[in-house]
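With chain P held as given, fit chains L and U onto it using these hints.
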Amino acid sequence: MAILILTLLALIFGIALGYFAIRFRVEGDPVVEQIDALLPQTQCAQCGFPGCRPYAEAIATQNAEINQCPPGGDDGIKAIADLLGREVVPLNPDNGTANDNLRMVAVINEETCIGCTKCVQVCPVDAIVGAAKQKHNVIDEYCTGCELCIPPLCPVEDCIQMQPVEVTISNWKWSLPVQPNKESVA
Amino acid sequence: MSDNNPIVLTSSPFIQSSCSVSSVMRTVIYALLPGILLYIGLFGWSVLVNILITVVGAMFFEWLMLLLRNRPVRIYLFDGSAILTAVLLSLAIPPLAPWWLLILGSFFSIVVAKHLYGGIGYNTFNPAMAAYAVLLISFPLEMSMWSMPVDEAKYLLSFTESVQYALFQVLPQNIKFDALTSATVLDHIRTEVSSGKPLDNLGVSSILGYVAGQGFEWVNLGFLTGGLWLIYKKIISWHIPLAVLAALAVSSLISYAINPSVYVNPFIHLLGGASILGAFFIATDPVTASTTPLGRIIYGLGIGFLTFAIRSWGGYPDGIAFAVLLMGMATPLIDYYTVPNAYGERV
Amino acid sequence: MKKLWTFKGGLKLPGFKKISNPASVNKIPIPDNIILPLRQHIGEPAEPIVDVGDQVYKGQPVAISKSLISASVHASTSGIVTDIGKYTIPHQSGVSEMCIVIKTDQKDQWHPNIESNLDPDNLDTEELCARIREAGIVGLGGAVFPSAVKLKATRQIDTLIINGAECEPYITCDDALMQNRADDVVQGILLLRRLLNPAECIIAIEDNKPQAIDALQVSIKKFKEKGIGSVAAIDVIPIPTIFPTGGEKQLIKVLTGKEVPRNGLPYEVGVICLNVGTSAAIRNAIYEGIPLVSRYVTVTGVMVQRPANFEVLIGTPVQDVIKAAGGEKSDRYEIIMGGPMMGQLLPHQQIPVVKATNCILVQDIKSENEANVMPCIRCGSCASACPMSLLPQQLYWYAKEKSFQKLQHYNLSDCIECGCCAVVCPSRIPLVQYFRFAKSEQREHEFKTKLSEQSRIRAQMRDFRLERIKREQQERKARRKAERLKKKAASDKASKPLADKELSAG
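Residue numbers (our numbering), protein chains in the order written: chain P, 95 to 280; chain L, 79 to 425; chain U, 1113 to 1618.
Incorrect hints may have been included.
Mimicking BS3-like on lysine-lysine, the simulated pairs with C-alpha atoms at most 25 Å apart in a straight line are [claimed, not checked]:
| no. | chain 1 | residue 1 | chain 2 | residue 2 |
| --- | --- | --- | --- | --- |
| 1 | U | 1124 | L | 312 |
| 2 | U | 1514 | P | 172 |
| 3 | P | 267 | U | 1518 |
| 4 | P | 172 | U | 1512 |
| 5 | U | 1120 | L | 311 |
| 6 | U | 1512 | U | 1562 |
| 7 | U | 1361 | U | 1264 |
| 8 | L | 311 | U | 1124 |
| 9 | U | 1333 | U | 1115 |
| 10 | U | 1512 | P | 267 |
| 11 | P | 267 | U | 1551 |
| 12 | P | 172 | U | 1518 |
| 13 | P | 267 | U | 1562 |
| 14 | L | 312 | U | 1120 |
| 15 | P | 172 | U | 1120 |
| 16 | P | 267 | U | 1514 |
| 17 | U | 1560 | P | 172 |
| 18 | P | 212 | U | 1582 |
| 19 | P | 172 | U | 1562 |
| 20 | U | 1333 | P | 267 |
| 21 | U | 1582 | P | 227 |
| 22 | U | 1264 | P | 267 |
| 23 | U | 1361 | U | 1120 |
| 24 | P | 267 | P | 172 |
These aren't lab readings, by the way, just hints derived from the structure by calculation.
Just chain P, same shape as in the assembly:
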């Protein structure tokens, strides 16, 4: 009798699960979207993947560690660890160091630019404008600081380099209070 009831239950649940799997199917993997939302979108490829989305997919399929992203820094690692329930590991120093300071943007020196369009083509967010043999220019608001456009890609010396964004009242940050007796405030 018990076997019959259990078999019946198993059948019912199996049908129900199968139905729900088809009826409420979710396209794509939502975890990837969530991880992608936590990444800084610099598209710099420092993690070894060609962009932030591929890296997110790799994390989701356990093909990559969560500590490969320097622009995300320790805060980013912690956020991904919280999301996925994984352990927080320190940032992998082989990929570069996290930049806690001012935002860096690429700046083109228009006098030395030869108009080769190499940087225009490589920029992952189309932040550089310019046509062949014309002077190129970086649009500050779009630049993510990925550093793909600077030499060795740019063939000219002293043409394109990373510079910190100017500090103004609207982006100046207060610092954490520093203890005068040098003890960290517990």
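Using the frame of chain P, we list chains L and U on its own:
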């Protein structure tokens, strides 16, 4: 200074009130003095010996832990919190306790309950009460031998004799230990109730005193004075003491009205045992108590009711220590749900 | 007797007001240079309309505001423009912004266009607002919001509050203004009455300023007797001296019992609040045609020789102002612009006095030992003192961790940074600095989130574009190949029947 260099400076406000952690702790210790002096006057020198030994022990362990944890010793050692914990613990332990009990208590409170949980400001449980609970459960015999009040005692130990007893467990010749000890009023009531005797017959007696235990009622009034002074000085807020005493009073009143032979009258609950000390000095320990106004009231009500419950139905004569520890566990939850409305939020 | 409400929190602070003697106001010599930042107000900076080398006169507009929320800047004395460039502005960060530097000629000549108007009653409200805007008047209580924008009320105003509370210790410039120029203040209020037509008009003064209360009451009586402003009375209401009653939100609660809704303006509860100094400046602009070129500044503190109130030209370097007060007592000092509770530490003395400067406080440097910070003992004193009913303790924990969601839950953005919590903290924790840190981190986090969202979309668009290009290339190739094949087949067919015919022929 160049024009384009953002310079990081310290922030306003540029004035400071004179109140500091050590001044707060000091004020609380002063507030305990009336009660302590009455205690010494009514029960003898042993209390003072207790306090001294516990304080010395606590300071030693505090110094040791600060060294081990690499904290600036001078600032933290004299902030008064270790001394306050030691004083409260020693008031909770019977006066005739041996020295090793006191040192064990101070070890547990300072090292385990305070520093192993993170030090001042981070401890989850009230250190004095945690140590008291450990001692009570581990050494029930030593922890129940309270002194007789001076008037009743057949012999009063002098200061040196008290020290001698505490350190060496040696009493003066011909004095038996039993002659010095007696039960507290709550102990007495517990034994009477468990043996089935109705409580109506307890009138003014040597143990009961006028209202709530001879000797102890005065001591508790001393603590009440100190506690009210603390509220006046704005060191503690009125929410917790009022809530604790109100919950205790209401629950004991209702139960007394229902069945006076089993339940004790409210005065004994309020003035007997450690209710006043607990309401004003222990439950108000800032680190473990709730911080929002409504949260404090809930916290206090919980302690009051739990104390009544443990005293009436639990296995221990005085429940306030356990009540404080239990409600301390609920503090983060209480705080989360009682956030007050900010300005402009209600519109 | 007007009914007063109370607000939760606040502190009674020692005043230190007598040392700067508000009964009299002194003048200071014209400085050698004046530095006029182009942004001395909330909103967009003004744009310069003069060039280096131009001769300017006192009261001449040197920078005009183009956007709505902005204010013009005027030359506060006559001289030659020597530079338009970046100079350090009075902000805690020490950043620099565009300023116009004028080398003064010590003649203090007014611009010929400045003329007084003895009959402002003929001006309608539009014209009044326009003149207030042209005069570059902003809120002189410290918030420097452009007054012309504030006064464009489109709903019925129940209460006009003129804020003479001045709740911060040490500052007495408003007190000095009320005692010495009460008539100007009242005339300004009468103009505002006409502009806004409020149901009631209150001047709020803390009760530690009895002379100012008297002076204003005498002046109001004088005007009433002359028959001017016989429309309903202006009430002078003394309010209890608690910091920060002078804060707009708290003052409105005390006087009307209403709370300004979160993220809202006082205007939404039918209240408009202006500083007494702003009122006097409006009067000067309308009656005498004078734009905002000077203001009263209190120079005080334990490290200054002769604390006093001065009438200071906007743009005067702080060094000249302190010199006029006798200089510093020794080398160990720090300069604060504003009061001890909410002021900003200035990095050096070449920073100019701007429209927001109500006080220059010269204090002793905090010694190292005084600032030992202990861990938080969760005493809750901070929450009892907070005038916005926040929980500074919780904000402190979450600010350290940068948990932005929790900070939002505990309403960090409502914090007015008054400093009450940090003053009462027994552990001496610099709470306000933690909150400022958290707010700036939050701002940066929001900016980064927006930037990364934008980058993601742009990267995606780029990927689509590259793919589309590749696809189109392939399609083109395929098409061309197909065409080539078709042509080849057609030409084969054309030549094939001939071959067949030849075959059949042959």
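Hints, one by one, checked against the model:
1. At roughly 14 Å between alpha-carbon atoms, residue 1124/U and residue 312/L fall within 25 Å of each other, so this suggested pair holds.
2. A hinted pair counts as satisfied when its Cα atoms are at most 25 Å apart, and residue 1514/U with residue 172/P qualifies at roughly 12 Å.
3. A threshold of 25 Å between alpha carbons decides the hint, and for residue 267/P with residue 1518/U the separation of about 20 Å falls inside it, so the pair holds.
4. Proposed proximity of residue 172/P and residue 1512/U is supported: the alpha carbons are some 15 Å apart, at most 25 Å.
5. Pair hint residue 1120/U plus residue 311/L holds up; C-alpha atoms about 18 Å apart against a cutoff of 25 Å.
6. A distance of roughly 23 Å separates the Cα atoms of residue 1512/U and residue 1562/U; the hinted pair therefore holds under the 25 Å criterion.
7. Of the pairs offered as hints, the one joining residue 1361/U and residue 1264/U holds, with about 20 Å between alpha carbons and a cut-off of 25 Å not exceeded.
8. For the proposed pair residue 311/L and residue 1124/U, the alpha carbon gap of about 15 Å is at most 25 Å, so the pair holds.
9. For the given pair, residue 1333/U sits about 22 Å from residue 1115/U by alpha-carbon distance, which is consistent with the 25 Å threshold.
10. A C-alpha spacing of about 14 Å is found between residue 1512/U and residue 267/P, which places the hinted pair at or below 25 Å, so the restraint holds.
11. With a CA separation close to 9 Å, the supplied pair residue 267/P and residue 1551/U stays within the 25 Å bound.
12. Of the supplied pair hints, the one linking residue 172/P and residue 1518/U holds, its CA atoms being roughly 16 Å apart against a limit of 25 Å.
13. Pair hint residue 267/P plus residue 1562/U holds up; C-alpha atoms about 18 Å apart against a cutoff of 25 Å.
14. Taking the CA atoms of residue 312/L and residue 1120/U, the gap is about 15 Å. The hint holds against a cut of 25 Å.
15. Our distance criterion of 25 Å between C-alpha atoms is broken by residue 172/P and residue 1120/U, whose separation comes to about 38 Å.
16. For the proposed pair residue 267/P and residue 1514/U, the alpha carbon gap of about 13 Å is at most 25 Å, so the pair holds.
17. About 17 Å separates the Cα atoms of residue 1560/U and residue 172/P, which keeps this hinted pair within 25 Å; it holds.
18. Under the criterion of a C-alpha separation no larger than 25 Å, the hint pairing residue 212/P with residue 1582/U is consistent with the structure, at around 18 Å.
19. With a CA separation close to 20 Å, the supplied pair residue 172/P and residue 1562/U stays within the 25 Å bound.
20. Annotation: proposed proximity of residue 1333/U to residue 267/P is violated, straight-line Cα distance about 50 Å (limit 25 Å).
21. Between the alpha carbons of residue 1582/U and residue 227/P the distance comes to roughly 24 Å, so the proposed pair stays at or under 25 Å and holds.
22. Using a Cα cut-off of 25 Å, the hinted pair residue 1264/U and residue 267/P is violated, with the two alpha carbons roughly 34 Å apart.
23. Restraint check for residue 1361/U and residue 1120/U: satisfied, since their Cα atoms lie roughly 12 Å apart, inside the 25 Å limit.
24. A distance of roughly 22 Å separates the Cα atoms of residue 267/P and residue 172/P; the hinted pair therefore holds under the 25 Å criterion.
Hints 15, 20 and 22 from the list above are not met by this structure, while the remaining hints are.
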